[in-house]
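Since the structure of chain W is already known, use the hints to place chain S on it.
2 protein chains.
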Amino acid sequence: LDKTAMEKAATRQDILTKPQGALGRLEEISIRLAGIQGKAIPVIKTKAVITMAGDHGVVAEKVGNYPQEVTPQMVLNFVRGGAAINVIARQIGARVVVVNMGVAGDLPADIRVVDKRVARGTGNIARGPAMTEAQAIQSIEAGIEVVNAEIDKGLDIVGTGDMGIGNTTPSAAICAVMSGQSVDKVTGRGTGLSDEQLQHKIKVIEKAIAVNKPDAKNGIDVLSKIGGFEIGGIAGVILGAAARGVPVVVDGFISGAGALIAEALAPQAREYMFLGHLSVEPGHRIMADKLGLKPIVTLDLRLGEGTGAAFGIFIAETSARILAEMATFGEAGVSEKAE
Amino acid sequence: LDKTAMEKAATRQDILTKPQGALGRLEEISIRLAGIQGKAIPVIKTKAVITMAGDHGVVAEKVGNYPQEVTPQMVLNFVRGGAAINVIARQIGARVVVVNMGVAGDLPADIRVVDKRVARGTGNIARGPAMTEAQAIQSIEAGIEVVNAEIDKGLDIVGTGDMGIGNTTPSAAICAVMSGQSVDKVTGRGTGLSDEQLQHKIKVIEKAIAVNKPDAKNGIDVLSKIGGFEIGGIAGVILGAAARGVPVVVDGFISGAGALIAEALAPQAREYMFLGHLSVEPGHRIMADKLGLKPIVTLDLRLGEGTGAAFGIFIAETSARILAEMATFGEAGVSEKAE
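Residue numbers (this note's numbering), protein chains in the order written: chain W, 2 to 340; chain S, 2 to 340.
Okay, chain W solo, but in the shape it has when bound (with noise of 0.2 Å):
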C-alpha cells in the first residue's frame, strides 16, 4: 500500500470539521482506500460485483435442500435483474457481471453471462477431489482474467459474489482445514438445515477432509481438493484486484473460503480486501479472524451472490466521498478544540 497517499489522508481526517476521529471506521476505510489507489483522496465511483455461479458434486450427499436445477434458474434470474443482488446493485449504482465458473445444467446460448466454465460442477468432495490441480489454477486465472477485463472498463471498486447450490459444505471445509477449527465450529445451516440435517453435513465434511488430506498451506491442493469453481473464481477476482490496486469487498461465507484461498497463495492480498458484511454461518467470523479482517455490516445476512460485499462497496464509496467533499475547519470557518 501506498504510505504517503495514507499519511495525507489521515491528516486531512483530521483537519476536516468534526472531532477527529468521530467517523470511526469510515475514516480508516476511507484511510485504507487511499493506501490501495495510491490517491490522497480515493475515488470510488464505478463500481462492479462479479458474482459467480458453479456447481457441485457433494449435492449427491444430500447436504442441502434445494436442487441443483437452481444454480442455473438463478443466474438467468441475475441476468433479468430479479435476484437480490440485482436489486441492491441498482441501489448503489453498481453493475451486476455474472460468471459461469462451473454450472452443471444448461443455460441458454445468448444470454449475457461471461462463459469461464471449467467442467459441468465438481466432483463429490466426501469420495474423492473436488477438481484437478490444473482446473482449480485454471479457475483462479478465469477469475483474474475476468477482473481484469472489468478493470479495462473502469471500475474503482470490486465486490465478490457467489451462486452455487451445496457450496456452504466445501466452503466450510476450506474453513475447517485454513483455521485449524474443528468442522462442527464452522459448518452452519446453509439455507436452512434441521438438526439432524446439519449433523449430518458436519459428517460428510468430516469425511471429505479425510478422504482428500488437503495441505492447509497450499492453497491450490486446498482448492483442488475440497473446493468449487466457484470459490477458485473469487479467488482470482481478489488477487487480480489486488494486483491492479482495486480495492476489493468480499461477501459472506462462500467469498470468504475464496479469500483464504487467495491469502493462501498471495498474503500481501489481505491488505487490499474489505469484508462487506458478517454473515450467519458460524464460521464466517472465523475466517474474519483470519483473514484479520473487520465486518464493515452485520444485517443477519444468508445469501451470498455478492448483497453483503455491495452494502461494503456502498459505506466504502461514503468514505471516500465523505474525505473529498467535507470542509476542512480552515475553509468552514470552524474553530478547532481547544488544547
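Be a bit skeptical, because a hint or two may be false.
Note that the list lumps identical chains together, so a pair holds whenever it fits in one copy or between two copies.
Dumping the calculated DSBU-like pairs for lysine-lysine here, alpha-carbon to alpha-carbon at most 35 Å [to be verified]:
hint : residue 1 : residue 2
1    : K291      : K338
2    : K4        : K63
3    : K9        : K63
4    : K186      : K63
5    : K338      : K186
6    : K186      : K40
7    : K208      : K218
8    : K218      : K295
9    : K46       : K295
10   : K295      : K186
11   : K46       : K214
12   : K46       : K4
13   : K214      : K9
14   : K338      : K295
15   : K338      : K208
16   : K218      : K40
17   : K9        : K154
18   : K338      : K63
19   : K204      : K4
20   : K186      : K154
Just so you know, the hints here were simulated from the structure itself, not pulled from any lab data.
All values reported here derive from a predicted model rather than from experimental measurement.
Below, chain S without anything else, positioned relative to chain W:
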C-alpha cells in the same frame, strides 16, 4: 401498525427468489415499514434528515473541549453543504433540513435555516433547570411543526440529527434518569475527553440530577430540567412522524435522548422508530435496550448530525426496494425448497 400490510409483506418475502429469511434484518425492516406505511409493499423515495441545533448552559462547567461558537459555525457549515451529514445525505439522496432550536450565538439572517429558536441556549443544568416547562413543550411542538411541513412537501422516511456543543452531557443525564442506570455507566468521552475530564463530566451530571430531581416517568419534566432545545425538537420530530405514519430513523446518543422523551410521552411511537446506528458513547446501548431497538449499522461513529440515521435510511430504502423489485420463484421459474 397495519397488521394486514405486515402479513402481506412477510408472505411476499417468503416467495422471493432466496431462501426464506436469508436477507435477515432487511426482511424484518421491510415488514415493519409495510406496517408503518400501511402498504404491503412500502415505498421509500423522498428522504430527509432533520438536523436540530441548540446550545447548552452547562458548558460553563467545562464539560467539553470545543468552544460554544462552534454550534453556529457548524450550522453555517450544514447550510453550505460542507459537513459530514451533507456528504452522506447527498450519497443517499436525502435533503438536509437545518433547524435552529436554540443556538446561543448569532446566525446570519438570510441563510436557509428553519428558525424555531426557543431561547439562546439552555440554563446550566448543574445549577438549575435547563428550561421552563412551557419552553419544553414549545421545543417539542416546534419539532412536530418542522416534520409536518416536511411531510407536506413529500417525505417517505425521516432521520433525526443534532448539533450542539456540550449536548452529550444532558443526553447522558436523560439516559441515566430514564434508564435507571448510574451516571458513570452512561457517560462517555463525547468529542474526546481525557480520563480526568470524563470524571469531572460524571460529577457535573450527578449534580445536575441531584439539583433538579427530574421525574423519570414524566417526559416534559425530564426535558425541562435536564434536557436541551434540540433534544425536545428531536422528540417532536419523532412524535410528529409517528402521528403521520412516517418511519423515523433515530441517530445516535443525542437523538436517543430525544427518543426516550418521545417514548415517555407516547410509548406507541416506538413502533415507528428505527435505530440508525450504535454510537461509541457507552450510554447509547443502554438507550437502545430501553427503547427495544436494534441498531442497523455499527460503524463506531460518534458525530451526531444525523450521520448514523442516514445509513439507516439507506438500508431501509434498500429493504423496501428488495421487497418491491425482486422476482418471485414463480416469476423467475426457480424451483423451491424440497420438503
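Okay, the hints, checked on the actual structure:
For a Cα distance limit of 35 Å, the shortest separation of K291 from K338 across copies, 33 Å, qualifies, whereas the shortest one inside one copy, 39 Å, does not. With identical chains, the CA atoms of K4 and K63 are never at most 35 Å apart, being 50 Å at best within one copy and 38 Å at best between copies. When the C-alpha separation of K9 and K63 is checked against a cutoff of 35 Å, the pair qualifies only between copies, where the shortest distance is 33 Å, while the shortest distance within a copy is 54 Å. Taking identical chains as interchangeable, the C-alpha atoms of K186 and K63 lie at most 35 Å apart only when both belong to the same chain, with a minimum of 20 Å there against 51 Å between chains.
For the homomeric pair K338 and K186, the shortest alpha-carbon distance between copies (25 Å) is at most 35 Å, but the shortest distance inside one copy (48 Å) is not. Taking the shortest alpha-carbon separations for K186 and K40, neither the intra-copy value of 41 Å nor the inter-copy value of 42 Å comes in at or below 35 Å. Proximity of K208 and K218 under a CA criterion of 35 Å is satisfied intra-copy only: 20 Å inside one chain copy versus 61 Å between copies. When the C-alpha separation of K218 and K295 is checked against a cutoff of 35 Å, the pair qualifies only within one copy, where the shortest distance is 23 Å, while the shortest distance between copies is 40 Å.
For the identical chains of this complex, K46 and K295 are neighbours both inside a copy (23 Å) and across copies (31 Å), given an alpha-carbon limit of 35 Å. In this homomeric assembly, K295 and K186 come within 35 Å of each other (Cα to Cα) both inside a single copy, at 19 Å, and across copies, at 26 Å. For the identical chains of this complex, K46 and K214 are neighbours neither inside a copy (44 Å) nor across copies (53 Å), given an alpha-carbon limit of 35 Å. Taking the closest pair of Cα atoms, K46 and K4 come within 35 Å of each other only inside a single copy of the chain (23 Å); across copies the shortest separation is 41 Å, beyond that limit.
For a Cα distance limit of 35 Å, the shortest separation of K214 from K9 qualifies neither inside one copy, at 47 Å, nor across copies, at 50 Å. Taking CA atoms no more than 35 Å apart as the test, K338 paired with K295 passes in both settings, with 30 Å inside one copy and 33 Å between copies. In the homo-oligomer, the alpha carbons of K338 and K208 lie at most 35 Å apart only across protomers (26 Å), although the nearest pairing inside one protomer, at 61 Å, exceeds that limit. Within a single copy, K218 and K40 get their C-alpha atoms as close as 34 Å, which meets the 35 Å cut-off; across copies the closest is 54 Å, which misses it.
In the homo-oligomer, the alpha carbons of K9 and K154 lie at most 35 Å apart inside one protomer (29 Å), although the nearest pairing across protomers, at 42 Å, exceeds that limit. Within a single copy, K338 and K63 get their C-alpha atoms only as close as 62 Å, which misses the 35 Å cut-off; across copies the closest is 13 Å, which meets it. Taking the shortest Cα distances, K204 and K4 never come within 35 Å of each other, neither inside one copy (47 Å) nor across copies (43 Å). In this assembly of identical chains, the alpha carbons of K186 and K154 never lie at most 35 Å apart, being 41 Å within a copy and 53 Å across copies at closest.
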